[in-house]
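Novice: The chain contents come next:
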Amino acid sequence: MARGMVIIGAGECGGRAALALRDLGYDGPVTLVGDEPHLPYERPPLSKEAMASDAPEIKAIASHAVLAERSIRHIHSVQAAAIDRAAHTVRLSNGSVLPYDKLLLATGSTPRKLPMPGPGARCVYLRTFTDALAIRGHLGTGSRIAVIGGGFIGLELAAAARKLGAAVTVIEAQPRILMRGVPAEIAAIIHQAHVAEGVEILCGDGIASIADDGKEARVTLVGGREVPADLAIIGIGAVPVTGLAAEAGLTIDNGIAVDAELRSSDPDIFAAGDCCSFPLAVYGGRRVRLEAWRNAQEQGALAAKNMLGAGEAHAAVPWFWSDQYGLTLQIAGLSDEGSSTVRRDLGDGALILFHLDEDGRLVAASGIGPDNAVARDIRLAEMLIGKRARPAPEALGSQAVKLKSLLAA
Amino acid sequence: MNDWVEACAADDIDEEDVMRFDHDGRTFAIYRSAADEYFATDGLCTHEKVHLADGLVMDDIIECPKHNGRFNYKTGAARGAPVCVNLKTYRVKVDAGKVLVQVG
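Protein chains in written order, with the working numbering: chain A, 1 to 409; chain B, 1 to 104.
Bear in mind the hints are in silico, worked out from the structure with no lab data behind them.
No experiment lies behind these values; they were computed from the predicted model shown.
For each residue, glycine too, the CB sits at the ideal point set by N, CA and C.
Take these hints with a grain of salt, some might be off.
With a cut-off of at most 30 Å between alpha-carbon atoms, the simulated DSBU-like pairs for lysine-lysine come out as follows [unchecked claim]:
(1) Lys402(A) <-> Lys49(B)
(2) Lys49(B) <-> Lys88(B)
(3) Lys49(B) <-> Lys163(A)
(4) Lys48(A) <-> Lys93(B)
(5) Lys49(B) <-> Lys98(B)
(6) Lys88(B) <-> Lys59(A)
(7) Lys74(B) <-> Lys49(B)
(8) Lys74(B) <-> Lys93(B)
Using C-beta positions, here's what the derived DEER-type ranges look like [unchecked claim]:
(9) Ala52(A) <-> Ala9(B): 50 to 58 Å
(10) Pro393(A) <-> Asp36(B): 48 to 56 Å
(11) Met116(A) <-> Lys74(B): 53 to 61 Å
Residues from chain B that keep clear of chain A, each with C-beta distances beyond 12 Å, as calculated [claimed, not checked]:
(12) Cys8
(13) Ala9
(14) Glu16
(15) His23
(16) Asp24
(17) Asp36
(18) His51
(19) Thr75
(20) Val92
(21) Lys93
(22) Val94
(23) Gly104
Chain B on its own, in the form it takes in the complex:
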């Protein structure tokens, strides 16, 4: 399970923001927190399969751009209607200015 994949450069994402990353037919959302930490989740909202990377990051929350479903992007926890299914999260590390995601 050493399937680390390079997603982007660390400074491709602004602080408290999100970026879409597609890999091998799958789509992920990569987050940079206001405290300069990086996180990754599945890229599609569990409500209607919308790309979360078009949504707004505020504090620990990513909000779906379509219907405002909210998730804690650090834990994947669904945070209220209309979403009720949690997001899958992935391990992330930053190495030499690159953001790596463990996609396995």
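Extracted from the complex, chain A is given alone in its bound form:
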């Protein structure tokens, strides 16, 4: 009898993997273990729609009914305590022991912590729906919000807080916002949008201390400035959750190291999503770790296939997006692979920067514009990147040339 498939982590990646196992016809036991009390849910809305709503709700990946109908056993509010690789079992924090044929670690990532005490009542991080509810409760007209970290999550929260009438200060230690992964030209457009909406952005100054007395957070910058806030939200990146894997002796390399098929150093244990590093085929096997919703989804589905023996290599191109005010940013590929850029204007303030490497190969595309103005062309760029195409720079730069026509070439 099958011992079954066990998935640790019931987020986007784990949830999708469980559903994919059933989609692929697997009829043995499927167990999904999560440490949150909720159904598996989508995290991107936590810094966007959930903040805009007076009564945020979970956007579930699968309802109770779907989990039941598909015979997916969801064990919630429990952590995986240890893996016994020889016995092929996982012990949970509630003492129960789950046998597995194949194990998927979809443990995700956790907010990077500032090297100081906290979180506290007025100094918080955002990862879970519970965190989002706590933050939402502090946003409103006249509330003072300090956002520490000018990355996607910090800026999305800044935009949401501003829309609700809060006074917002964003503090970024780097010389500009979105230093990691977003070209300066596009970061400047987002910076301007925030300033136009009345957000104060302080770049190039680090945090000296945060004093949280339960009623107020007093943020002191290295340069001496003090920013008093009703709530300080810290969004300075994320670190992979690897403790369980490390204790089991699996290879860790900026995340749980997996091969192109998402298999860890133990052939019966897979890892996928934010918690793993993997060789990215489109860049010649460069080892990367992605913190991205679509990657979590795609790798969850791919891990499910390979747990069933498909032997399929990861081939996707990284893709990210962010929504702030009426602007949507979309990025396909990793722009640091590029050595030159070509700009394409799409009208209405929408633009795409194509990133080419020294051989003229398209390696990434970064777009920004109102609503979904850049979506179609970024999707086409993603396909061109996947094909390792070398489109003529003049064609990329000319609005008169349809990107779709380059795909056929």
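Starting from the structure of chain A, add chain B where the hints point.
Specialist: Positioned in the frame of chain A, the structure of chain B alone reads:
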């Protein structure tokens, strides 16, 4: 049920492309296939109510511009995560260079 409504001129839409059509408080997406046939579906993705007409048409698939949910626009069938609810489709005919949609 003879509620045919003129949506656009047939050549307003490129081959293998899509256009948004709003009518009477509702929004539709009108498609022209690579084989020069016309189709219509509800205009909003069933995942997060995004206008599909901003998305990419490839073969029989419309892909949502926001989160890449995919549908077969000829049948409305959802084709994978994150979408799981099918799109409603509508009958379409071309008459004298005009695309008509049965919106009822």
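Novice: Look at each hint and say if it fits the structure.
Specialist: Here's how the hints hold up against the structure:
1. For a cut-off of 30 Å, the pair hint linking lysine 402(A) to lysine 49(B) stands: about 27 Å separates their Cα positions.
2. The suggested pairing of lysine 49(B) with lysine 88(B) holds, with an alpha-carbon distance near 13 Å, which does not exceed 30 Å.
3. The hinted pair formed by lysine 49(B) and lysine 163(A) meets the criterion: a straight-line CA distance of about 21 Å does not exceed 30 Å.
4. Between the alpha carbons of lysine 48(A) and lysine 93(B) the distance comes to roughly 40 Å, so the proposed pair goes past 30 Å and is violated.
5. Between lysine 49(B) and lysine 98(B) the CA atoms are separated by roughly 27 Å; this keeps the pair inside 30 Å, and the hint holds.
6. Between lysine 88(B) and lysine 59(A) the alpha-carbon distance is near 22 Å, which keeps this suggested pair within the 30 Å criterion.
7. For the hint pairing lysine 74(B) with lysine 49(B), the CA-to-CA distance comes to about 19 Å; that is within 30 Å, so the pair holds.
8. The straight-line distance between the Cα atoms of lysine 74(B) and lysine 93(B) is roughly 13 Å, inside the 30 Å bound, and the hint therefore holds.
9. Range check, alanine 52(A) to alanine 9(B): about 38 Å between beta-carbon atoms, so the 50 to 58 Å window is missed.
10. In this structure the hint that proline 393(A) and aspartate 36(B) lie 48 to 56 Å apart at CB is violated, the actual value being about 33 Å.
11. Remark: the range hint 53 to 61 Å for methionine 116(A) to lysine 74(B) is upheld by a beta-carbon distance near 58 Å.
12. Here cysteine 8(B) stays apart from chain A, with its beta-carbon at least about 18 Å from theirs, past the 12 Å limit.
13. No beta-carbon of chain A is positioned within 12 Å of the beta-carbon of alanine 9(B); the least distance is around 20 Å.
14. Annotated as non-interface, glutamate 16(B) brings its C-beta within 12 Å of a C-beta of chain A; the closest such distance is 8 Å.
15. Once the 12 Å rule is applied to beta carbons, histidine 23(B) is consistent with being away from chain A; the minimum gap is 20 Å.
16. Distance check on aspartate 24(B): its Cβ is at least 23 Å (rounded) from any Cβ of chain A, clearing the 12 Å threshold; non-interface status holds.
17. Separation of aspartate 36(B) from chain A is adequate, the least Cβ-Cβ distance of about 16 Å exceeding the 12 Å criterion.
18. Chain A draws histidine 51(B) into its interface by the beta-carbon criterion, the shortest separation being 7 Å against a cut-off of 12 Å.
19. Remark: the non-interface label on threonine 75(B) is consistent with the geometry, its nearest Cβ contact in chain A lying 18 Å away (cut-off 12 Å).
20. Against the 12 Å criterion, valine 92(B) stays outside the reach of chain A, whose nearest CB is about 22 Å from its own CB.
21. Against the 12 Å criterion, lysine 93(B) stays outside the reach of chain A, whose nearest CB is about 27 Å from its own CB.
22. For valine 94(B), the condition that its CB be more than 12 Å from all CB atoms of chain A holds, with the nearest at approximately 23 Å.
23. No Cβ of chain A approaches the Cβ of glycine 104(B) within 12 Å, the least distance being about 29 Å, so the stated non-interface status holds.
Of the numbered hints given earlier, the model fails hints 4, 9, 10, 14, 18; all others are met.
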